[in-house]
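Using numbering that gives the first Met the number 0, read the sequence shown as starting at 0 and increasing by one per residue.
Keep in mind that the hints are not guaranteed to be accurate.
[Stated by the list, open to error] Label-pair distances were calculated between CB atoms; the ranges are:
| # | residue 1 | residue 2 | range |
| --- | --- | --- | --- |
| 1 | 132 | 95 | 28 to 36 Å |
| 2 | 81 | 144 | 17 to 25 Å |
| 3 | 144 | 97 | 15 to 23 Å |
| 4 | 17 | 97 | 32 to 40 Å |
| 5 | 81 | 17 | 17 to 25 Å |
[Claimed, not checked] Calculated cross-link-like contacts (lysine to any residue; reagent style SDA-like; alpha-carbon spacing at most 25 Å):
| # | residue 1 | residue 2 |
| --- | --- | --- |
| 6 | 91 | 133 |
| 7 | 36 | 95 |
| 8 | 91 | 107 |
| 9 | 36 | 87 |
| 10 | 91 | 45 |
| 11 | 91 | 78 |
| 12 | 36 | 132 |
| 13 | 36 | 110 |
| 14 | 36 | 113 |
| 15 | 91 | 110 |
| 16 | 91 | 131 |
| 17 | 36 | 141 |
| 18 | 36 | 140 |
Quick caveat, the hints were computed from the structure, so don't treat them as lab data.
Backbone N, C-alpha and C define an ideal beta-carbon position, used for all residues, glycine too.
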Amino acid sequence: MTPLAANTGPGTAGGPVQRLRVVVAKPGLDGHDRGAKVVARALRDAGMEVIYTGLRQTPEQIVSTAVEEGADAVGLSLLSGAHMELVPRVLKLLDENDAADIPLFCGGIIPPGDARLLTDLGVRRIFTSRDSLQEIVDWVRATVRPAEGT
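Please put together the full structure from these sequences, using the hints given.
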């Protein structure tokens, strides 16, 4: 796990603001991590703390990291075609660990029909190559802290 930013942000009138903590993970056997690293850097550059888990993580490892790190959101990068096995397992483990409130978002190669099924199961958003990095950043901010937008 590689933290990519400090934990607290600039102060406000009420004192220091806790930065959003986002776990970015590569589940399964896929070895292509460029997209995950690009998203992780964009989130970090937007002021979020990013914990990048690295390649070939199991759903158990991902959920354990999310719970231990107090994640505000979890992003999965999926390019191997195993999304219909891996993502439901992550959702189930989040629920079993009393962490179902942590928004799960995904990106990668996910056919539209599978994307609909995954969102029906509880994935909050699936990003494609047509979505910009700014859209991902904005979505994470709006989803995790909608009232604050930070």
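Verification of the hints:
| no. | hint | result |
| --- | --- | --- |
| 1 | 132 with 95: 28 to 36 Å | holds (32 Å) |
| 2 | 81 with 144: 17 to 25 Å | violated (31 Å) |
| 3 | 144 with 97: 15 to 23 Å | holds (20 Å) |
| 4 | 17 with 97: 32 to 40 Å | violated (20 Å) |
| 5 | 81 with 17: 17 to 25 Å | violated (34 Å) |
| 6 | 91 with 133 | violated (29 Å) |
| 7 | 36 with 95 | violated (28 Å) |
| 8 | 91 with 107 | holds (21 Å) |
| 9 | 36 with 87 | holds (23 Å) |
| 10 | 91 with 45 | violated (30 Å) |
| 11 | 91 with 78 | holds (21 Å) |
| 12 | 36 with 132 | holds (12 Å) |
| 13 | 36 with 110 | holds (22 Å) |
| 14 | 36 with 113 | holds (24 Å) |
| 15 | 91 with 110 | holds (21 Å) |
| 16 | 91 with 131 | violated (29 Å) |
| 17 | 36 with 141 | holds (21 Å) |
| 18 | 36 with 140 | holds (19 Å) |
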